[in-house]
Structures are given as structure tokens and as C-alpha cells.
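*Asks:* Protein chains in written order, with my numbering: chain X, 1 to 78; chain P, 1 to 255.
In short, the hints are calculated from the structure, not lab data. Since the model is a prediction, treat every value here as computed from it, not as a measurement. All C-beta atoms in this analysis are idealised placements derived from N, C-alpha and C, irrespective of residue type, glycine included. Please note that a few of the clues may not be correct.
Here's a subset of chain X near chain P, in silico, CB distances under 8 Å, partners left out [unchecked claim]:
#1 G15
#2 E46
#3 D47
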Amino acid sequence: MTTERLKVVFAEALGLPAEKITDDLAYNSIKEWDSTAHMILVAALEDTFDVMLDTDDIIDMSSVAKAREILKKYDIEC
Amino acid sequence: MTIQIDLTGKVALVTGASRGIGAEIARVFARAGAHVFVNGRNEQTLQELCSELGGNAEPLAFDVCDPKAIKEAFQKLFKQTKQLDILVNNAGILDDALIGMVTEAQVERTFATNTFSVLYTSQYGSRLMQRSSRDSSGNAKGGSIINVSSIIGRVGNHGQAVYAGSKAAVIGITQSLAKELAGSGIRVNAIAPGFIDTDMTRTIPEDKYKERMSSIAMKRIGTPEDIANTALFLASDLASYVTGQVIGVDGGMLI
Ligand SMILES: NC(=O)c1ccc[n+]([C@@H]2O[C@H](COP(=O)([O-])OP(=O)(O)OC[C@H]3O[C@@H](n4cnc5c(N)ncnc54)[C@H](OP(=O)(O)O)[C@@H]3O)[C@@H](O)[C@H]2O)c1
Numbered sequence: 001m002t003t004e005r006l007k008v009v010f011a012e013a014l015g016l017p018a019e020k021i022t023d024d025l026a027y028n029s030i031k032e033w034d035s036t037a038h039m040i041l042v043a044a045l046e047d048t049f050d051v052m053l054d055t056d057d058i059i060d061m062s063s064v065a066k067a068r069e070i071l072k073k074y075d076i077e078c
Numbered sequence: 001m002t003i004q005i006d007l008t009g010k011v012a013l014v015t016g017a018s019r020g021i022g023a024e025i026a027r028v029f030a031r032a033g034a035h036v037f038v039n040g041r042n043e044q045t046l047q048e049l050c051s052e053l054g055g056n057a058e059p060l061a062f063d064v065c066d067p068k069a070i071k072e073a074f075q076k077l078f079k080q081t082k083q084l085d086i087l088v089n090n091a092g093i094l095d096d097a098l099i100g101m102v103t104e105a106q107v108e109r110t111f112a113t114n115t116f117s118v119l120y121t122s123q124y125g126s127r128l129m130q131r132s133s134r135d136s137s138g139n140a141k142g143g144s145i146i147n148v149s150s151i152i153g154r155v156g157n158h159g160q161a162v163y164a165g166s167k168a169a170v171i172g173i174t175q176s177l178a179k180e181l182a183g184s185g186i187r188v189n190a191i192a193p194g195f196i197d198t199d200m201t202r203t204i205p206e207d208k209y210k211e212r213m214s215s216i217a218m219k220r221i222g223t224p225e226d227i228a229n230t231a232l233f234l235a236s237d238l239a240s241y242v243t244g245q246v247i248g249v250d251g252g253m254l255i
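Between the sequences and the hints, there should be enough to build the whole structure, so can you do that?
*Replies:* Here it is in C-alpha cells:
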């Protein structure tokens, strides 16, 4: 389940309504989540959760569910 | 009219700042009020420079050839300051050889130090700058990446294919990143020094040294300060509309 906090960050960074942010929403599957938006999203996640993500994790962040899984590695539950 | 460049409140990282051009850039930035992280491989040497610079500098020792060490250094910067405004990619080595005698190890070491490092520090540096590059009203405050290339990277030279290649690549990286990062308010420029009085040029054989000197129209060797002053300009708001440029600082040298 995509929780509220993660949803808000994704929605704001990608400029989408919160209801569009589902677990299976995938990178590059919609025009709003292209590579430029991806870097904006990464900055927003880093700001919100106060982490600096590894390059490999940025590249691996292929869906909302995957983002949550990656953040878990940094001890962030969201 | 007096123009004073004020970098108060800015955070800078200068690679290869233990001596030569990098050390002078760190001095000039610190004097202008910036907080400067000085890099090199030897903590002790960096500590000495920091003592000279007072409270405005601190060491950040890592080997620019090691991507993992670069990542860790930026993580440290992230934790400590959450801010980076100026990144100077200056660390570099010179290792000449005729093409028939170039070794694999030499190619790898030269490109790892002079070129690949610029990609990795720019990757982490620009991300940090993007985060700190907006003021409270959301306007881009901007950052400045300054890459130290070389006149040799622009025009090439006998016996310097490896060095020239590594420095020409820095120009390509500069021009590409200038385009990619302009939207985030980050300017990316390069300086192409000519013949500058540092450890790097002091080991050159006497005949070669004389030949180089006679190729300089201004008839003097450049000083690290000549380069540092250009870096100061590029780091400052005076250069707020300058990006993607390669500024030759070479006294009119012809190779
Ligand atoms: N001098 C010239 O005439 C001239 C002309 C054109 C371009 N340049 C360029 O200007 C830059 C500075 O040159 P310089 O003349 O000041 O040279 P230098 O006096 O030899 O200093 C080189 C600096 O780079 C650092 N460095 C080298 N390898 C490093 C590594 N793997 N990791 C971290 N730091 C490293 C050294 O620090 P440690 O050894 O303490 O680690 C030192 O601080 C270089 O990129 C050079 O190619 C110089």
C-alpha cells in the first residue's frame, strides 16, 4: 500500500493528483514521470526523508513500490 | 570603482587543493568569505592549509580516482552542510609519453584522475547544488561548477596524447553539463590554463621549459593566482550569465 507521505511527495514532484499515485505506477510509463521528473522526484524524496540516495538506487527506482523498498534500506518506513 | 567579490555564505569544494593552483583557489575563495572544503589525498597537508586559512576551510581528504571515496565524501558533505554552491574540479596529473610508449596503467590513472573524477563529483555535486539552489521563494540561487582543463586539451601537444585527451574530455563534459544543468541554475565552465608555476611544471627539463616560456606572448610564466582569480570570477555572481565557456588563462601562449 502506498502510504500518505510517499504519495504526497510523488504527487507534488510529478505534478499529479494523489489518487494517481499507486504502488504499480512505473517510471517512464507516463509522460509526467520522465528522466527529468525522476531527478526532481529524487531531490524531493531526499529533502523529505533527509537522505542522500546512491546512484544505483536512483536508477533502480522503477516504481512507487520500488521506491518504498529502496527507502527501507535507509531505515525509512513510508 | 571598487568591485569586491563576496562569497560569504557560500560553500565550496576544491579538489586537488593541497598545493599549486587548487591551494590558491582555496585561499582566494576563503578570503572572499566562502567556507571551503579542501581536498587532496594527504590529510596532514590539508590540515596545514586549513590552519593557514583559519575558520573558513576544512579538509575533505579522498582520492578522486576512487568513485566510492567520492560518494562517501559527498555523503559527509550532505550530512554536515546540506549545501554546496561551488565545485572546482582541479585535481590533476601530468604524465607525458610518446604514443609508442604509453602504458595501459598510465592511460587508466590519467583518465581516472583528470576526467572520470569530474563526472562523479559533478554527479553528486550537482545533486547537492540542486537541493540548495533555491531560495525560500523558490527562485534558483544557482551553483557554479568550475573544471580545470588545459590549453593542451584544446590544441594538443607532442608527447601529450593521453593528457590532452583527458583534458579535452573535460571540455566536452563542461559543455554538456552546462546545457543539462542550466535549468537548475547551475553554471558549468572550464578554465584552460597555459603554463603555470607549480610543482607540475617545475619538473620539466630545462630545454622544454625554455621552449614553453618563449611561446608565451606575455613573456612570463602564469601564477596560481592568475587561475584562482578567474575561478573567483566564475564562482561569483559577476558571472551569473556565463555558462558552457572555456576561458583560456595563458598569457597568449601558442602551442
Ligand atoms: N601547472 C600548469 O601549468 C597547468 C597547466 C594547465 C592545466 N593545469 C591543471 O591544473 C590543475 C592543477 O595543477 P597544478 O599545476 O596545481 O598541479 P600540482 O601542483 O601537481 O597539484 C596537483 C593537485 O592535485 C592533487 N591530486 C592529484 N591526484 C589526486 C588524486 N588522485 N586525488 C586527489 N587529489 C589529487 C594533488 O594533491 P595530493 O598529491 O596532495 O593528493 C595536488 O593538490 C591540474 O588539473 C592540471 O592538469 C596545470
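*Asks:* Now look at each hint and say whether the structure bears it out.
*Replies:* Evaluation of the provided hints:
1. Against a cut-off of 8 Å between C-beta atoms, the interface hint on G15(X) is violated, since the closest Cβ of chain P lies about 15 Å away.
2. Here the hint on E46(X) is kept, as its CB sits about 7 Å from the closest CB of chain P, short of 8 Å.
3. Because the closest C-beta pair between D47(X) and chain P is about 6 Å apart, less than 8 Å, the hint holds.
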